[in-house]
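K.L.:
Whole structure, please, built from the sequences with the hints as guidance.
4 protein chains.
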Amino acid sequence: MKALVYHGRGNRNWEDKQKPKIIDATDVVVRVTTTTICGTDLHILKGDLPAVTDGRILGHEGVGVIDEVGANVVSFHKGDKVLISCVTSCGRCSFCRKGMFSHCRSGGWILGNTIDGTQAEYVRIPHADTSLYPLPPESDEEAVVMLSDIFPTGLECGVLNGQVKPGDIVAIIGAGPIGLSALLTAKLYSPAEIVMVDMDDNRLEIARSFGATQVVNSSNGKAIETIMTFTNSAGVDVAIEAVGIPATFDICQSIIAPGGHIANVGVHGKPVELHLERLWSQNITLTTRLVDTITTPMLLQAVLSGRLDAKKLVSHRFDLTDIMKAYDTFANAAKERVLKVILKSTAK
Amino acid sequence: MKALVYHGRGNRNWEDKQKPKIIDATDVVVRVTTTTICGTDLHILKGDLPAVTDGRILGHEGVGVIDEVGANVVSFHKGDKVLISCVTSCGRCSFCRKGMFSHCRSGGWILGNTIDGTQAEYVRIPHADTSLYPLPPESDEEAVVMLSDIFPTGLECGVLNGQVKPGDIVAIIGAGPIGLSALLTAKLYSPAEIVMVDMDDNRLEIARSFGATQVVNSSNGKAIETIMTFTNSAGVDVAIEAVGIPATFDICQSIIAPGGHIANVGVHGKPVELHLERLWSQNITLTTRLVDTITTPMLLQAVLSGRLDAKKLVSHRFDLTDIMKAYDTFANAAKERVLKVILKSTAK
Amino acid sequence: MKALVYHGRGNRNWEDKQKPKIIDATDVVVRVTTTTICGTDLHILKGDLPAVTDGRILGHEGVGVIDEVGANVVSFHKGDKVLISCVTSCGRCSFCRKGMFSHCRSGGWILGNTIDGTQAEYVRIPHADTSLYPLPPESDEEAVVMLSDIFPTGLECGVLNGQVKPGDIVAIIGAGPIGLSALLTAKLYSPAEIVMVDMDDNRLEIARSFGATQVVNSSNGKAIETIMTFTNSAGVDVAIEAVGIPATFDICQSIIAPGGHIANVGVHGKPVELHLERLWSQNITLTTRLVDTITTPMLLQAVLSGRLDAKKLVSHRFDLTDIMKAYDTFANAAKERVLKVILKSTAK
Amino acid sequence: MKALVYHGRGNRNWEDKQKPKIIDATDVVVRVTTTTICGTDLHILKGDLPAVTDGRILGHEGVGVIDEVGANVVSFHKGDKVLISCVTSCGRCSFCRKGMFSHCRSGGWILGNTIDGTQAEYVRIPHADTSLYPLPPESDEEAVVMLSDIFPTGLECGVLNGQVKPGDIVAIIGAGPIGLSALLTAKLYSPAEIVMVDMDDNRLEIARSFGATQVVNSSNGKAIETIMTFTNSAGVDVAIEAVGIPATFDICQSIIAPGGHIANVGVHGKPVELHLERLWSQNITLTTRLVDTITTPMLLQAVLSGRLDAKKLVSHRFDLTDIMKAYDTFANAAKERVLKVILKSTAK
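Chains as they are written, first to last, in our numbering: chain U, 1 to 348; chain S, 1 to 348; chain A, 1 to 348; chain P, 1 to 348.
It is possible that some hints are incorrect.
Unchecked claim - Here are the computed lysine-lysine pairs in the BS3-like style, where the Cα-Cα straight-line distance is at most 25 Å:
#: 1; chain 1: S; residue 1: Lys98; chain 2: U; residue 2: Lys165
#: 2; chain 1: A; residue 1: Lys165; chain 2: U; residue 2: Lys165
#: 3; chain 1: S; residue 1: Lys165; chain 2: P; residue 2: Lys19
#: 4; chain 1: A; residue 1: Lys98; chain 2: U; residue 2: Lys165
#: 5; chain 1: P; residue 1: Lys98; chain 2: U; residue 2: Lys81
#: 6; chain 1: S; residue 1: Lys187; chain 2: P; residue 2: Lys187
#: 7; chain 1: U; residue 1: Lys270; chain 2: S; residue 2: Lys270
#: 8; chain 1: U; residue 1: Lys2; chain 2: U; residue 2: Lys78
#: 9; chain 1: U; residue 1: Lys46; chain 2: U; residue 2: Lys325
#: 10; chain 1: A; residue 1: Lys98; chain 2: P; residue 2: Lys165
#: 11; chain 1: S; residue 1: Lys165; chain 2: P; residue 2: Lys98
#: 12; chain 1: S; residue 1: Lys325; chain 2: S; residue 2: Lys335
#: 13; chain 1: P; residue 1: Lys17; chain 2: U; residue 2: Lys98
#: 14; chain 1: A; residue 1: Lys98; chain 2: P; residue 2: Lys187
Stated by the list, open to error - Label pairs and their in silico Cβ distance ranges:
#: 15; chain 1: U; residue 1: Asp319; chain 2: S; residue 2: Lys98; range: 32 to 42 Å
#: 16; chain 1: P; residue 1: Asp24; chain 2: U; residue 2: Pro137; range: 25 to 35 Å
#: 17; chain 1: P; residue 1: Gly99; chain 2: U; residue 2: Asp328; range: 42 to 52 Å
#: 18; chain 1: S; residue 1: Met228; chain 2: U; residue 2: Leu49; range: 16 to 26 Å
#: 19; chain 1: A; residue 1: Ser139; chain 2: U; residue 2: Asp309; range: 31 to 41 Å
#: 20; chain 1: U; residue 1: Leu49; chain 2: S; residue 2: Ala234; range: 19 to 29 Å
#: 21; chain 1: U; residue 1: Lys325; chain 2: A; residue 2: Ser139; range: 36 to 46 Å
#: 22; chain 1: S; residue 1: Arg278; chain 2: U; residue 2: Pro137; range: 34 to 44 Å
#: 23; chain 1: U; residue 1: Asn11; chain 2: P; residue 2: Asp24; range: 27 to 37 Å
#: 24; chain 1: A; residue 1: Asp140; chain 2: S; residue 2: Lys98; range: 21 to 31 Å
#: 25; chain 1: P; residue 1: Gly99; chain 2: S; residue 2: Thr321; range: 31 to 41 Å
#: 26; chain 1: P; residue 1: Gly99; chain 2: S; residue 2: Asp24; range: 33 to 43 Å
Stated by the list, open to error - Examples of chain U residues lying across from chain S (beta carbon under 10 Å, computed):
#: 27; residue: Met100
#: 28; residue: His103
#: 29; residue: Gly108
#: 30; residue: Trp109
#: 31; residue: Ser139
#: 32; residue: Glu141
#: 33; residue: Asn264
#: 34; residue: His268
#: 35; residue: Lys270
#: 36; residue: Glu273
#: 37; residue: Arg278
#: 38; residue: Ser281
#: 39; residue: Leu286
#: 40; residue: Asp292
I should point out that these hints are in silico values taken from the structure, not numbers from a laboratory. Note that CB positions come from ideal geometry on N, CA and C, so glycine has one too.
P.N.:
Quick look at the structure:
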């Protein structure tokens, strides 16, 4: 089969690989029909995640059809349409038993990281019973694939960790796909204001059309000042970091109100400076999280019933065989005005 | 009257000051009978808290007797014995209405900070109805004065923010008075292990006698290694920072388990480096807090009924007139084996 | 002045009463400009609340202008426009300090209950600093008066106690004003379904126009069956009781899913039968609550900024002098298609 | 093999039954080495639980050794010593995924209820990977078997649902084994007072020796009066119902303070009368729960490390072959001064 393979910092290739087989009796093999590219895949290509080694098939998002079923799998059969969760969960270990699937002792985020991923014609999914979600045959794959990672991530790491509630002033730093998914899911909790910060006017315009009540272009270096003025110096109740660099984290810690919540969503490659000399007395809560995907069933039901329009994030579409070009486009997000790119496989 | 007055970085003096008067109708004036010195007072003397200006009477802890009562005070009368809270609360502003007294819009930590404090023969207490607690005449002042600040701080900023629960492994970095108060109040929630970290064997010995199940002397630079070995590389569920310097914060972020809680209690003078490049995916929660003193009524009841032995933290006793010497002793905590010093006023 | 006075079971009269005066220094007297009638007022007239005695002026909702100010009041001045909270709170007692204003030791629900209320030209408000909310002069009184009681009640007793969250199936039993306020505030948390149950098709139609996704007319005695079918026998996540009689409580306990929440809002005059022989193993939570009005500031901001259309509940308007007729209309809610009646005073 | 078999209301027999076999590949068969009798078994014998049918082997508690292992079981091997949980959990269904194992769609409380149980020489355990806990070979079976049901039940249904916290006044109605387990686990949260209510002075004496601070013999019908006097008419913060009859439930609802929690643990055979005509305004929370056993790992660690003395509840010991006599004794709990009876099997 064909797959997108990582060959060390900066190198990727669409090439032939062995079709995956069942290894453990709890595995299934899924024929991928729709996949997408995540900002984290770009981080891998920059060499930021050294656990990913040469030869790895990338990708942790996808929708597909079950092709082969391990002997111990009880919930799925060949031909079933499924959503692949970016987080693999055994359902048995102490982390899974308390709902922290992200740190499953034999799972977690492994797809396209420590085992081969979904940017391929086929992918092996371990712990299938607890890592896949059944889909109705007629479900819209472009919408549903947004639930592999980006929507649960925005909701769990951003909105739920940030404890967004009615009446809050929420600032989201970064209007890329992940910031926008935080925006769309923050609206489920009816905050009074959602302030979106980015350096790209196009993305801010999209944010506004998605429901941001204020947008701030931070390229003039005055985002903090602007937000503090807007809040009459009170600061924001929730600041969601959706970029992953020191400068955007710094905005969060500078605008947070006493008693407020900073929810980190961004994947960071370097330490940040935390101003405890000021914040020690400010009663703030700072959270980090790898998505646990515990909200996937709720989000899936919201998408299938039409209450959540997850497809809004899709900006570009490619055939899976054009994934090298899709990566080029995605890597030029600002210029190409990309949010999420859909990769559709027509192979059978 | 006499008072301990701050005269800029490194300078303090026991000198004559005007006896305080009622300014607002919600004030009372308290004749101080017992006070103590806080680690924060030493921070002020180092010049770490620039809001404190030359001429300020220090101190935010105390027990005393009401001497004069403002016209609008309803709960207290001349002659009543009272506990002074380190945090002043109006009971009316939006912060007070949600229990965040520490950020009261006309109060918070102001005593010995932005208004004159308790290390004096008399002190003016604003918002008396909501900032003092009535004491039975026979109550033990040495025990009760520990509830002005140190016990609610250990409990609220350390134990409650850290969400200590039965079965947890808790590490407390710093076995000074504040770390020991976190230790004593952590026991209210029955953690499986309390690991105490300090560089002073004397303090670690005290910690052990107070209920620490493990003690680690960090002076060899191997505290992280020792704790990770002790936890079979799992890390701790709760790490309480009770010192306020980058090195001790760093221990906390290095030993925290996935899903764990870092509760900062220390007063920091400088930023710290936060390793988000590793922690972004570790589902941790980091909290800061200026004590709200919402637990004071519960702690007071526990002390008065004999269930909590708050006096354990008292190591030295002085007459209030010897406060200059008491400061010298307190500043040499390790050598003098000091925990909390009691200052008793015999003046009438 | 004129006031609506209770004269024992079934008797009310619009009559002359002494204009109220300041009694405690923390009181204000408010000239009432807008008030309304609550279902609880009808309960009083039925004799269900024996604490209300002959001669009492009824009413616990209102907007007005400060007419006289007690010596110790700091936040309000003569001429200020204010919202009167149905719950009086001292801000100092142990209940107020933990946010349970409903059980304030010298307040709680006392207006139109144990002291004279708001259905009068003037009303005395104790603990004014912590029981009134300032209003901009131009605010819409008809919308704002809905925040005296009914909106915080629907939100706190129904939605917050019921822990409504995104994706939930919520059933609200009773589509009167209180049930409709629960419906409107439940939407703040984006449940998947809101099922409204009532015996009055007119009210169900209104519920649908307010956002109910399902409506069930229970007059055929098949509401339970209908809801269980609709939920594929799973039951509902949250059942909000908004009537106050055994029959409607019974629907709640019959449709609740394992792990679900029954939130009682209704004022009950008799005991109910609780089926613990079935529910003991169903992991349910049942709550009761007298509104604490802790959400009033948030709701007020939502109304003033136009995000919450509280005025939707207003169906009829009268001059305050016509309050006897307004009561007649309100008591015939079904026939008159009444939700909330506005009573406007034009007196100066 | 031999087993204790239910033969309809009032009838039980120790008789020959077919040794269980693996049915599903996720099953194991356990050779029972220690089991015990639960109050619920007596309820079954009274005919209170009609789901239990003639021919059923009773018992849902036990420790044993794995005898046979299904093909899909990954965590256990023949010869392993294990704790059997009273609740069977698949780990995969929506209830298990949110930690509500009690309502597992293919599990929950089924042992000795809808499938054969543990009062036998052998028992089949479905979903073994997620329904058994590994034990060290040397662990004390008498202590550990108390974690099959009674300790997690007291903790989860009583203490956690009741939200017991430091400083609380807790009343536990019923000083049988389940009430005593609530008492022992309530102490993990350091309440100020634990008031134990029962009609049996012997049990109250045991309660006192286990840490109850007050004991009340309710046989004079004055328990409510006594407790209200003791609390200065304030009532208790938490009332734990550990009997399961209307009279004891009634004590709970009569002594609960505004804002308090009633946690039902008892298995009820009849409805109760809930006084909503008084409680509607009291801000109370009433919970029911079939134990989820989510606290079993924590409790197990506490028992194995010696921090929790679970064996305290063991009052009598029998050989498993004497189980008919053990039932007679257990059914005469008051006269025989029974708490929990240990049944030990010496068969190989």
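K.L.:
Please go over all the hints and tell whether each is borne out by the structure.
P.N.:
Now for the hints, and whether the structure bears them out:
With a CA separation close to 15 Å, the supplied pair Lys98 of chain S and Lys165 of chain U stays within the 25 Å bound. Between Lys165 of chain A and Lys165 of chain U the alpha-carbon distance is near 11 Å, which keeps this suggested pair within the 25 Å criterion. With a C-alpha separation of about 42 Å, the suggested pair Lys165 of chain S and Lys19 of chain P falls outside the 25 Å cut-off, and the hint is violated. Proximity of Lys98 of chain A to Lys165 of chain U is assessed by CA-CA distance (about 20 Å); at most 25 Å being required, the pair is judged to hold.
Proposed proximity of Lys98 of chain P and Lys81 of chain U is supported: the alpha carbons are some 24 Å apart, at most 25 Å. A C-alpha spacing of about 11 Å is found between Lys187 of chain S and Lys187 of chain P, which places the hinted pair at or below 25 Å, so the restraint holds. Restraint check for Lys270 of chain U and Lys270 of chain S: the C-alpha separation of about 19 Å stays at or below 25 Å, so the hint holds. Under the criterion of a C-alpha separation no larger than 25 Å, the hint pairing Lys2 of chain U with Lys78 of chain U is consistent with the structure, at around 21 Å.
For the proposed pair Lys46 of chain U and Lys325 of chain U, the alpha carbon gap of about 17 Å is at most 25 Å, so the pair holds. For the suggested pair Lys98 of chain A and Lys165 of chain P, the alpha carbons sit about 15 Å apart, so the restraint of at most 25 Å is met. The hinted pair formed by Lys165 of chain S and Lys98 of chain P meets the criterion: a straight-line CA distance of about 20 Å does not exceed 25 Å. As the CA atoms of Lys325 of chain S and Lys335 of chain S are separated by approximately 15 Å, the hinted pair is consistent with the 25 Å bound.
For the given pair, Lys17 of chain P sits about 38 Å from Lys98 of chain U by alpha-carbon distance, which is inconsistent with the 25 Å threshold. For the given pair, Lys98 of chain A sits about 24 Å from Lys187 of chain P by alpha-carbon distance, which is consistent with the 25 Å threshold. Between Asp319 of chain U and Lys98 of chain S the beta carbons are some 54 Å apart, a value that contradicts the proposed interval 32 to 42 Å. The hinted range of 25 to 35 Å is satisfied by Asp24 of chain P and Pro137 of chain U, whose Cβ atoms lie roughly 29 Å apart.
In this structure the hint that Gly99 of chain P and Asp328 of chain U lie 42 to 52 Å apart at CB holds, the actual value being about 44 Å. About 23 Å separates the C-beta atoms of Met228 of chain S and Leu49 of chain U, a value consistent with the hinted range of 16 to 26 Å. Ser139 of chain A and Asp309 of chain U have their C-beta atoms about 35 Å apart, which keeps the hinted 31 to 41 Å range intact. Separation of Leu49 of chain U from Ala234 of chain S is about 23 Å and conforms to the stated range, judged on CB atoms against 19 to 29 Å.
For Lys325 of chain U and Ser139 of chain A, the hinted distance range of 36 to 46 Å is not satisfied, since their beta carbons lie about 57 Å from each other. Take Arg278 of chain S and Pro137 of chain U: their Cβ atoms lie about 42 Å apart, and the range 34 to 44 Å holds. Separation of Asn11 of chain U from Asp24 of chain P is about 48 Å and departs from the stated range, judged on CB atoms against 27 to 37 Å. In this structure the supplied range 21 to 31 Å holds for Asp140 of chain A paired with Lys98 of chain S, their Cβ-Cβ distance being about 27 Å.
At about 60 Å, the beta-carbon gap between Gly99 of chain P and Thr321 of chain S misses the expected band of 31 to 41 Å. A C-beta distance of roughly 51 Å is found between Gly99 of chain P and Asp24 of chain S, which places it outside the suggested range of 33 to 43 Å. Using the Cβ-Cβ criterion of 10 Å, the hint placing Met100 of chain U at the interface with chain S is satisfied: the shortest such distance is roughly 5 Å. For His103 of chain U, the shortest C-beta to C-beta distance to chain S is roughly 5 Å, which falls under 10 Å, so the interface hint holds.
Among the interface hints, the one on Gly108 of chain U holds; its C-beta lies about 9 Å from the nearest C-beta in chain S, closer than the 10 Å criterion. Annotation: Trp109 of chain U was flagged as interfacial toward chain S, and the flag holds, the nearest CB pair being 8 Å apart, inside 10 Å. Checking Ser139 of chain U against chain S by beta carbon gives a least distance of about 30 Å; that is not within 10 Å, so the hint is violated. The interface hint given for Glu141 of chain U is violated, since its Cβ lies 28 Å from the closest Cβ of chain S, which is over the 10 Å cut-off.
At a threshold of 10 Å, the smallest CB-CB gap from Asn264 of chain U to chain S is about 6 Å, leaving the interface hint in force. At its closest, the beta carbon of His268 of chain U sits 4 Å from a beta carbon of chain S; the interface hint therefore holds under the 10 Å criterion. Proximity of Lys270 of chain U to chain S holds as hinted, the smallest CB-CB distance being about 5 Å (cut-off 10 Å). The interface hint given for Glu273 of chain U holds, since its Cβ lies 5 Å from the closest Cβ of chain S, which is under the 10 Å cut-off.
Below 10 Å, beta-carbon pairs count as interface contacts, and Arg278 of chain U has one with chain S at about 9 Å; its hint therefore holds. Interface hint at Ser281 of chain U: satisfied, since its Cβ lies 4 Å from the closest Cβ of chain S, which is below the 10 Å cut-off. Taking 10 Å as the C-beta contact cut-off toward chain S, the hint placing Leu286 of chain U at the interface holds, the least distance being around 4 Å. This hint holds: Asp292 of chain U has a C-beta 8 Å from the nearest C-beta of chain S, less than the 10 Å allowed.
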